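Protein chains in written order, with this note's numbering: chain A, 15 to 301; chain B, 15 to 301; chain C, 15 to 301; chain D, 15 to 301; chain E, 15 to 301; chain F, 15 to 301.
In case anyone wonders, no lab produced these hints; they're calculated from the structure. Keep in mind that the hints are not guaranteed to be accurate.
Since the list gives no way to pick one copy over another, a pair counts as held whenever it fits inside one copy or between any two copies.
Lysine-lysine pairs mimicking DSBU-like chemistry, simulated, CA-CA at most 35 Å apart [stated by the list, open to error]:
#1 Lys-167 / Lys-24
#2 Lys-56 / Lys-92
#3 Lys-92 / Lys-273
#4 Lys-149 / Lys-167
#5 Lys-24 / Lys-85
#6 Lys-34 / Lys-92
#7 Lys-92 / Lys-39
#8 Lys-149 / Lys-85
#9 Lys-34 / Lys-85
#10 Lys-92 / Lys-24
#11 Lys-24 / Lys-39
#12 Lys-54 / Lys-273
#13 Lys-56 / Lys-149
#14 Lys-273 / Lys-149
#15 Lys-167 / Lys-85
#16 Lys-24 / Lys-54
#17 Lys-149 / Lys-34
#18 Lys-167 / Lys-92
Predicted model, so just to flag it, every value in this text is computed and none were measured.
Number of protein chains: 6
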Amino acid sequence: MHEQEISKAKVLIEALPYIKTFRGKTVVIKYGGAAMTDPKLKPQVMQDIVLMKYVGMKPVLVHGGGPEITKAMQALGKQPVFVDGRRVTDLETMQITEMVLVGKLNQEIVALLNGQGGEAVGLSGKDGNLITARKLMAGAADLGFVGEVTAIKPDVINTLDRDQFIPVIAPIGRDDEGNTYNINADDVAAAVAIALNADKLVLLTDVPGILSNPQDPGSLLSTLRVRDIADMVARGVITGGMQPKVRACERALNGGVGKTHIIDGRIPHALLLEIFTDQGIGTEMVV
Amino acid sequence: MHEQEISKAKVLIEALPYIKTFRGKTVVIKYGGAAMTDPKLKPQVMQDIVLMKYVGMKPVLVHGGGPEITKAMQALGKQPVFVDGRRVTDLETMQITEMVLVGKLNQEIVALLNGQGGEAVGLSGKDGNLITARKLMAGAADLGFVGEVTAIKPDVINTLDRDQFIPVIAPIGRDDEGNTYNINADDVAAAVAIALNADKLVLLTDVPGILSNPQDPGSLLSTLRVRDIADMVARGVITGGMQPKVRACERALNGGVGKTHIIDGRIPHALLLEIFTDQGIGTEMVV
Amino acid sequence: MHEQEISKAKVLIEALPYIKTFRGKTVVIKYGGAAMTDPKLKPQVMQDIVLMKYVGMKPVLVHGGGPEITKAMQALGKQPVFVDGRRVTDLETMQITEMVLVGKLNQEIVALLNGQGGEAVGLSGKDGNLITARKLMAGAADLGFVGEVTAIKPDVINTLDRDQFIPVIAPIGRDDEGNTYNINADDVAAAVAIALNADKLVLLTDVPGILSNPQDPGSLLSTLRVRDIADMVARGVITGGMQPKVRACERALNGGVGKTHIIDGRIPHALLLEIFTDQGIGTEMVV
Amino acid sequence: MHEQEISKAKVLIEALPYIKTFRGKTVVIKYGGAAMTDPKLKPQVMQDIVLMKYVGMKPVLVHGGGPEITKAMQALGKQPVFVDGRRVTDLETMQITEMVLVGKLNQEIVALLNGQGGEAVGLSGKDGNLITARKLMAGAADLGFVGEVTAIKPDVINTLDRDQFIPVIAPIGRDDEGNTYNINADDVAAAVAIALNADKLVLLTDVPGILSNPQDPGSLLSTLRVRDIADMVARGVITGGMQPKVRACERALNGGVGKTHIIDGRIPHALLLEIFTDQGIGTEMVV
Amino acid sequence: MHEQEISKAKVLIEALPYIKTFRGKTVVIKYGGAAMTDPKLKPQVMQDIVLMKYVGMKPVLVHGGGPEITKAMQALGKQPVFVDGRRVTDLETMQITEMVLVGKLNQEIVALLNGQGGEAVGLSGKDGNLITARKLMAGAADLGFVGEVTAIKPDVINTLDRDQFIPVIAPIGRDDEGNTYNINADDVAAAVAIALNADKLVLLTDVPGILSNPQDPGSLLSTLRVRDIADMVARGVITGGMQPKVRACERALNGGVGKTHIIDGRIPHALLLEIFTDQGIGTEMVV
Amino acid sequence: MHEQEISKAKVLIEALPYIKTFRGKTVVIKYGGAAMTDPKLKPQVMQDIVLMKYVGMKPVLVHGGGPEITKAMQALGKQPVFVDGRRVTDLETMQITEMVLVGKLNQEIVALLNGQGGEAVGLSGKDGNLITARKLMAGAADLGFVGEVTAIKPDVINTLDRDQFIPVIAPIGRDDEGNTYNINADDVAAAVAIALNADKLVLLTDVPGILSNPQDPGSLLSTLRVRDIADMVARGVITGGMQPKVRACERALNGGVGKTHIIDGRIPHALLLEIFTDQGIGTEMVV
């Protein structure tokens, strides 16, 4: 009698030390990849975040939106062009991007969190002047309205957070001339984490973490030191799409964020596993 | 010497009694019509609102978005259908509507206010569960995702307002099953004004106000009593598009809002004129 | 891989609705019986209470102490005398009782809670004038310093609770002449629950709850209405030691406490099961 | 239609950047000269100060009182004696001075401010031990109860200011033996500005400001650097009654006050012109 | 050894119950008569008030000023005229009165309190719009600027009191046309006591209290009930100058003030005796 | 008439400067010796402490308990063993000690303070993790559960103190393994005084203070400098039981406590004499 229930109670009790540890801590989560597109994973991530909030943590979400933007462009008869993995963004593309990020994906996440009992509030970088940006100068190509963060004004996040809301941020920035920019969500997450003096930055990705042998999924590095990054890039261990994520983590750590994590968003409840188990999952980067 | 400057100082001094009167007062503004589309009027409205904020008032904006939604639909190859002035809104139309309202127009207003020195924060009815809605049952036709307000949860507005932000609200609501609805912005403004126990509700329109003779622009009624509405509708004085606005005002007044105003948004600085002059402009409705 | 961890995460997620429901709620717990003497159960109860605190609830403990008092008396060469289940309490017995309750058991519970990561503070009814009492007049026998509650001054509990401490109360009261009284812990718990306007009163006992057939452990009543008590006492369903507990619950409910529960403290993590499962355990009494 | 009103609205909008800039800023105003005696100017200065308060600034007034004191002395049959522009102040003169400053002029200003919608509170240096003073030792002559500031205890100003009152200060101080002193109002204003860490000190005078050629009213210096003062005094540019004013400004700037202004109180709304126009009026002194 | 000191300690201990009783209580004191003119009594009253403040009470002073006003008038060659004990107050007399009350007597009291370690702040009825008054219509004679209270706006007292200042009030009021009035200080004290919801109103007088036989100082009534006043006036027991004082007390009691006291200010430390001894002194009036 | 009362009022007035000086000051009092056992002295000490609280000071008590522990041990048939004045404390002795200190003496003091109108709350070092301790290593002998302070966590004291409660502390500590220790009360008082950044530490003893000639009670040193201690110990002036008290004071002074006092608790109202007279009593130690 009650056997099964009692074993559930024990799981709650096992979580107690983690709840104590993370009480009041700010965790910035870059939400993207499969966790954002897989209909089974989506509500699970939302549950994880609402639970984090309810046990006293302060989660802040930053989301990306790649595939949806492409879809919307195609519906409007525009063909996306990419240079070095970055979308060339003319004014019309920027307008579509903003509508999709702020008017569709951001609202969808807000609705999902609220559906799980949270009280989320969507923000773009324009709200409360949250993100000031400038045109990204990267190589020869003119990428148009692709931007990079120049300043974070975290007042609106702090205001909302103080009152139990979960901020959900679309990676849109604005410069002083009034131009709107699309910014890499990993970079926004890192900048927000620094501005909030966050305890953790977690990037949800579609890989297990950083592998010492990219070909061997069993070679996951559970910890990585910042000072080893240069060498690992040189040796071709950290490659391609992983490089900007590692660089974002490095920036966050240098900016005072306690720890950063690159974790596999394809695992159910990846966030809870990262927070509420000893070994964690994915790769933790530290100074 | 200084003649011109001194006369400016006198204007400021003339505003003093109004500043005193409206200090700390909540004013909900339905923003729409020419004031939202005319490139000369737009920044003026924003200046007015930022000034209201700076002299101690608490402005809250609710905006509509009709023409932009139609444009976006057409760009995507969809033909809008209207029944009794209401857009038939299938799921795809709803998604377009949300993207345009939340991802384009709302952000544009936020950016304009911030450009004038305000600190605006855009909100849809999903943010902080601000607007709960249900399907509007109006006559025989199924209008799809056209909704009406069932509840306002003003916590997120109050939180932001306490910290000097200007809330800007897109008229989107959500029901408990997770459906999204497009709602008439006048109705949202009235419901928000009631929930905030606002002192004033101001509807910016493209007419001078309510005319005792609809054919004669000189027949503007400066004041209208709620008890006279039924008769004026019967006599054909209040017609067509003006009826729902008058009804929204009536609901707001019955819900405890101090005063409501239907003013001509085509006049430069119409809001300031309404607030900072004795005679005001447009038609004031009172109980 | 991660299978076991993921299933743990799911248990946490299952608890989410309960965490939401009980956030900020005050729960007064009468701690006694096996849960207080069994060395395996003791730490589990403490974990449950600390977890309740960490997920935002406000637990308040009231404990009894019967067997330890008897032991201490015997060590000092005094023979306990009981009349109708109540200990005849002369001045020396009262002094021993106070030392055991306040100086031993209360401190033991405080230490156990702190050992689990809580911040408990022990209180007797004298601290901050928490419990005013008077001599209990019950039948012919003079029971000496056995008392009943005349007033609760909850200031010290509220002060401590506001700052994250868990109050642990020994059932000692004082009258205006300075006499100290030993009071039934169930009664103290009920009085404290009323004074705090608690949402729940939970009595930990050594029985499964109230049985419709006292001989049949399978006849547990999961719910009991106050209006049915008199009849059940008359029919001999509620007997002996259960009667005062049921009466304490009745008083609490009449005094405005939301719900009361008589649960089986011998079940591991009985408190968590009661709070975090749908069916709960034991018998719930409602108005 | 509305033409005139709209142009007024534009003036308000022009003031917006200044309102933003000075929000929450403390401005100490030395009130004296024509602005204090001319019946047309008096209400204008009061309007300016009330407006400053209403748009979020924190004005603090310090007033002088020369001519009124002389008048009162003469009414009582006493002949004023001046040495180097300072009134020889025996005990009786001091009592008359205090009555006129605190009981007449200060109350008159308070009443005028309140008449314009402010909530002013009159203070002498004795109230809340605001001003501690000592006998001024200046040259050979014994000036009696002419004093200089030794300490400002700004608690009472801060208390009142926090609650929307406008403090109005009479330049009376007290030493530890209980003697009362009359103090130069410019010096009190400078000392108060330092103690409040004010953003601005404004001296209302009866001259246009500092002239590079004292004979030519057109030679007004709009800005003066502290380091140039010594030379200008040496060259006879800053002379006579202007010297102590310039010295007071210098002390304020050295004490941490942001900016100081010597402006022409004879110009209508001189304070608003100084605050709400780009070029300002009079002479601004900076470090 | 220490004998004398120990007996002093015992006196402090005897005061403890009174300190407890009056902690946080507001006591409005009308200060006048010998206590205000006798150089030996003056510092004692101030000590009493500062002590009251330091042991947690909230004393508020209202003072009169009769003899000083007459003296000042005579110095200026004006002859006072009295009708029924009230000074006929033309404009010049009013100006002299205000200067003497606000600029001399009020400041003297402030300085005395501060000299004893208090932090007093002088207020007239103009400060913070504390006292609104109107012309007193009393009989046939036109008394000029003799006024009566129409409203008390206690904000400035509450603001100062919250921060440990002792408010000292001169009985000057102002009407909406800007006229200044001299008001009876007993009446101001009663009105302030009502507005502050004071626990006590104490009138310091030059008589022992109310005598049942006006000829016999030994016939002091220690308590008087409001319902007995009319009869005592009729019987000639309460006569002349005592009548307005008794009426002021009656009004205060009807306005919600807890108790009122008419005490003999000629007794050293009369206030402490009234507050800190069982029998009190003078006559206590109750409802 | 009133002569005696007036002389009492004068005593209150004499206390005024001391009340002013000690307002808001934290005073930690080690309560022990005759003041804790003499039935006449006990209520006097309590009165003194309650008075201190009522005039705005923040008293914190730490008590010892020697004789009572011995009595309880003997009642249970155990014979106390002392080594160098310290009780050898096996587990059973520790349990008895805790019961006596926390369950008897502490509660007795709380009740006495409350009886005098205070609101005391008893605390052991376990409450709120107030005192962390470790086994005292002192010489060759194993003293068992005799401990020394390793850390004070003053949160619970600060929480209670903020709300007008008087904390009363039993000198019991706990280590991380869950062992309970009996700690010297002078040492606990010094450690608590340091942790609270107290203004004063007062040790109530059964001697007049420190004597320059231990044989001559008239040789009391009213002041002692820390730098002179070593020499006085060497010369045999500070001997035996006084040495640990002097060392505790020295530690407190080095830890930032303003002043420490060793006073004669046998003198009635010794605490008030120390606080409220110029010369004080006993020996004051300063840096």
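Checked hints:
| no. | hint | verdict |
| --- | --- | --- |
| 1 | Lys-167 / Lys-24 | between (42 Å within a copy, 30 Å between copies) |
| 2 | Lys-56 / Lys-92 | both (28 Å within a copy, 30 Å between copies) |
| 3 | Lys-92 / Lys-273 | neither (40 Å within a copy, 49 Å between copies) |
| 4 | Lys-149 / Lys-167 | within (18 Å within a copy, 39 Å between copies) |
| 5 | Lys-24 / Lys-85 | between (46 Å within a copy, 33 Å between copies) |
| 6 | Lys-34 / Lys-92 | neither (51 Å within a copy, 43 Å between copies) |
| 7 | Lys-92 / Lys-39 | neither (43 Å within a copy, 48 Å between copies) |
| 8 | Lys-149 / Lys-85 | both (24 Å within a copy, 29 Å between copies) |
| 9 | Lys-34 / Lys-85 | neither (43 Å within a copy, 37 Å between copies) |
| 10 | Lys-92 / Lys-24 | neither (55 Å within a copy, 43 Å between copies) |
| 11 | Lys-24 / Lys-39 | both (24 Å within a copy, 22 Å between copies) |
| 12 | Lys-54 / Lys-273 | within (28 Å within a copy, 37 Å between copies) |
| 13 | Lys-56 / Lys-149 | both (32 Å within a copy, 26 Å between copies) |
| 14 | Lys-273 / Lys-149 | within (29 Å within a copy, 37 Å between copies) |
| 15 | Lys-167 / Lys-85 | both (32 Å within a copy, 34 Å between copies) |
| 16 | Lys-24 / Lys-54 | both (26 Å within a copy, 14 Å between copies) |
| 17 | Lys-149 / Lys-34 | between (42 Å within a copy, 29 Å between copies) |
| 18 | Lys-167 / Lys-92 | within (34 Å within a copy, 40 Å between copies) |
Checked against the numbered hints above, the structure violates hints 3, 6, 7, 9, 10; every other hint is satisfied.
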